[in-house]
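Asker: Letter by letter, the chains look like this.
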Amino acid sequence: MLRHKFTVVIEDSLEALVKVLLTTRQAQAKLISAEVCESGIENVKLLTMSLSLKPEKAEWLKRKLFNLPAVLEVDCTTLGTGLSKISE
Amino acid sequence: MVRAADALVKAMEAKGVDVIFGIPGGATLPFYDALYDSNIRTILMRHEQQATHAADGYARVKGRPGVVTATSGPGATNLVTGIVNAMMDSQPVIAITGQVPREALGTDAFQETDITGILLPVTKYAVTVKEPSKLAQTFVDAYHIATAGRPGPVLIDVPRDVFQADVEPHWKDEPSLIKYALSHLARHPQEPNPELISKAAEILMNAEKPVIIAGGGVIISNATEELTKLAEYLMAPVVVTTPGLGSIPSDHPLMLGVIGMHGRVEANMALVESDTVLAVGVRFSDRSVGRFDDFQKGRKIIHVDIDASELGKNVTPTVSIAGDAKRILAELYACIISRTARKEARPFVQRLKAIGESFDEFMNNCGEPSKITPWRALKVIREELPRNAIVTTGVGQHQMWVQLCFKVFEPRTLITSCGLGTMGFGLPAAVGAKVAAPDRTVACIDGDGSFTMTCQSLIPIAQYDIPVICIIFDNRTLGMIRQWQDLFYQRRYKDENLEIYLKKRTKGSVDYVKLAESMGVEGAVAESLDDLRMLVRRAVRTGQALVIDLPIDREERVLPMVPPGKWLSQMMVPQGFDFHA
Numbered sequence: 149m150l151r152h153k154f155t156v157v158i159e160d161s162l163e164a165l166v167k168v169l170l171t172t173r174q175a176q177a178k179l180i181s182a183e184v185c186e187s188g189i190e191n192v193k194l195l196t197m198s199l200s201l202k203p204e205k206a207e208w209l210k211r212k213l214f215n216l217p218a219v220l221e222v223d224c225t226t227l228g229t230g231l232s233k234i235s236e
Numbered sequence: 009m010v011r012a013a014d015a016l017v018k019a020m021e022a023k024g025v026d027v028i029f030g031i032p033g034g035a036t037l038p039f040y041d042a043l044y045d046s047n048i049r050t051i052l053m054r055h056e057q058q059a060t061h062a063a064d065g066y067a068r069v070k071g072r073p074g075v076v077t078a079t080s081g082p083g084a085t086n087l088v089t090g091i092v093n094a095m096m097d098s099q100p101v102i103a104i105t106g107q108v109p110r111e112a113l114g115t116d117a118f119q120e121t122d123i124t125g126i127l128l129p130v131t132k133y134a135v136t137v138k139e140p141s142k143l144a145q146t147f148v149d150a151y152h153i154a155t156a157g158r159p160g161p162v163l164i165d166v167p168r169d170v171f172q173a174d175v176e177p178h179w180k181d182e183p184s185l186i187k188y189a190l191s192h193l194a195r196h197p198q199e200p201n202p203e204l205i206s207k208a209a210e211i212l213m214n215a216e217k218p219v220i221i222a223g224g225g226v227i228i229s230n231a232t233e234e235l236t237k238l239a240e241y242l243m244a245p246v247v248v249t250t251p252g253l254g255s256i257p258s259d260h261p262l263m264l265g266v267i268g269m270h271g272r273v274e275a276n277m278a279l280v281e282s283d284t285v286l287a288v289g290v291r292f293s294d295r296s297v298g299r300f301d302d303f304q305k306g307r308k309i310i311h312v313d314i315d316a317s318e319l320g321k322n323v324t325p326t327v328s329i330a331g332d333a334k335r336i337l338a339e340l341y342a343c344i345i346s347r348t349a350r351k352e353a354r355p356f357v358q359r360l361k362a363i364g365e366s367f368d369e370f371m372n373n374c375g376e377p378s379k380i381t382p383w384r385a386l387k388v389i390r391e392e393l394p395r396n397a398i399v400t401t402g403v404g405q406h407q408m409w410v411q412l413c414f415k416v417f418e419p420r421t422l423i424t425s426c427g428l429g430t431m432g433f434g435l436p437a438a439v440g441a442k443v444a445a446p447d448r449t450v451a452c453i454d455g456d457g458s459f460t461m462t463c464q465s466l467i468p469i470a471q472y473d474i475p476v477i478c479i480i481f482d483n484r485t486l487g488m489i490r491q492w493q494d495l496f497y498q499r500r501y502k503d504e505n506l507e508i509y510l511k512k513r514t515k516g517s518v519d520y521v522k523l524a525e526s527m528g529v530e531g532a533v534a535e536s537l538d539d540l541r542m543l544v545r546r547a548v549r550t551g552q553a554l555v556i557d558l559p560i561d562r563e564e565r566v567l568p569m570v571p572p573g574k575w576l577s578q579m580m581v582p583q584g585f586d587f588h589a
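Listed in order, the protein sequences are those of chains A and P.
The numbering of the first sequence is the working numbering, which starts it at 149 and goes up by one.
The numbering of the second sequence is the working numbering, which starts it at 9 and goes up by one.
Fair warning: there could be bad hints in the mix.
Straight-line alpha carbon distances no greater than 30 Å define the calculated DSS-like cross-link-like pairs of lysine-lysine that follow [claimed, not checked]:
hint, chain 1, residue 1, chain 2, residue 2
1, A, K210, P, K511
2, A, K178, A, K210
3, A, K202, P, K387
Per label pair, the in silico range of CB-to-CB distance [to be verified]:
hint, chain 1, residue 1, chain 2, residue 2, range
4, P, S577, A, V192, 30 to 40 Å
5, P, G573, A, V184, 35 to 45 Å
6, A, L170, P, G573, 41 to 51 Å
7, A, E204, P, K515, 45 to 55 Å
8, A, E183, P, E139, 57 to 67 Å
By construction, these hints were calculated from the structure, which means they are not laboratory data.
C-beta: ideal position from N, C-alpha, C; glycine also.
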């Protein structure tokens, strides 16, 4: 499991946000944190999620999220295991 | 100003909706009232799950969304199985549910349930409409979402007072969601990458033993012609997944049949022997390819699918191309014919075809010549049904026998529950299929276990004169359960027996003739293969609904079978048949 940061641009609705979170759960990802903020565009929100996820699932999740009707953009960056600081 | 429900009905009419399957309830009465003045036909089913299956069957035959409606609470929750079934098999079903009035939401009101929350993970789109003026536009959006890209079910949940509110009847025929509105303006559907097409073509041209796997995506994208042209040019055999049955005629010389756990010998062996696989509109389910690691070994894989999230999900392809099957197959064909001559017939295909033919011969000659075996019965049914007849099935042994030996000649003529494996799907799906294609013969080949789950679909068959032929493979057992308990649980049979105690404590079967007749449909027992032939022939000729009870031996097994966790080469075949010989 590696930490990933997913940034998802969503046409605003409660259902759309929940659908993103459910899809994330389907990928067997562990949600560490999530933050919703305004995107600057009317009716569009920016969801930033930090997830613990099997590396091979990351691309699938990115594509799966992009399939969702209310999702306009998805970006993903790998953050690593988060263990390096502990070992230091 | 008009009622929002009236605007919704107008939007549905504008989209070409001609039928709705469902059951009314308190929360949907304004909707039904609006439908009173519409030409949209309503079919009163007797259970909402069956209404969803009917809408699903309609969608599969027609190639456009089927619409189902249910009231709030239990009506809505009864939809769940049907909706998940449509999701798993990528079928565009639009569900419209009633909901308690907006001011009662969250009060645990009578028949209130959060159906949007329940269906959110298993639909492409699920929304509760809170603003009456948006109801008609929401339908247009949902219709678009259900059909765009990989199709799937959608839910529109409507509080009763939203249906009843007065609104200006304004909506656009185009989707309002930003994502689709933008792509609508840009008018650029997913373009296949030319470099990937070229690379895939190169691999296919150089393959010694190429095999094409056609999945449900080929049928959804109406790509039969393109698939056939490419296969014939490459002289590549075609194998299919269960949803892909019908993507190429069963009697085409290059068609080897269905693959998988209950796949045909020659089809599974084709995959085992292949050096290259072109998989189109396939999601590589565990039931189709067995072990993913063995499948990956020693062969190049080209995967084409409209859903980019399927590419690389279960197997890692050599080349993966996202896009519509019809277009990509056409581009592959164009690329290949510009670079190489038509390929010669491949000896391994002839060899595998011969194995398949000897297997059919073996199965047709098993046991006493007069015995009703599934293979013989299906041969008789096929001979009596028109070539373009539509056949639906339930789920279980009978379904697997159909996929193994029932010939399917045209796309959208075998309607079966694949991904979810929903017992009881066959009869209500046949209702939808017959409504979609009233001029064609529709037959449901069912098991007794499946049939009893949704047999009240006979009532709308009688009520609306929807003449479906239903043939029950009656082995008085949950056959597939019995088969697994036999093979993998040391014959410790448990709860597979469907026999009932009749008067005088004699064991027997449900009387399907009386059951059918109690619901207004004629029933008959086929005591022999000749009886079966005569009954099917009469039903086709007269165009009347008929239930045929076909008693079969409960010890019949579905073979070949690949045991769970094994590779396709480890098929179990009937005793006495050796496909290596």
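Asker: None of the hints should be skipped; say for each whether it holds.
Answerer: Outcome of the hint check:
no.	hint	in the structure
1	A:K210 / P:K511	violated, 62 Å
2	A:K178 / A:K210	holds, 15 Å
3	A:K202 / P:K387	violated, 49 Å
4	P:S577 / A:V192: 30 to 40 Å	violated, 52 Å
5	P:G573 / A:V184: 35 to 45 Å	holds, 43 Å
6	A:L170 / P:G573: 41 to 51 Å	violated, 30 Å
7	A:E204 / P:K515: 45 to 55 Å	holds, 53 Å
8	A:E183 / P:E139: 57 to 67 Å	violated, 28 Å
Violated hints, listed in ascending order, are 1, 3, 4, 6, 8; each of the other numbered hints is respected by the structure.
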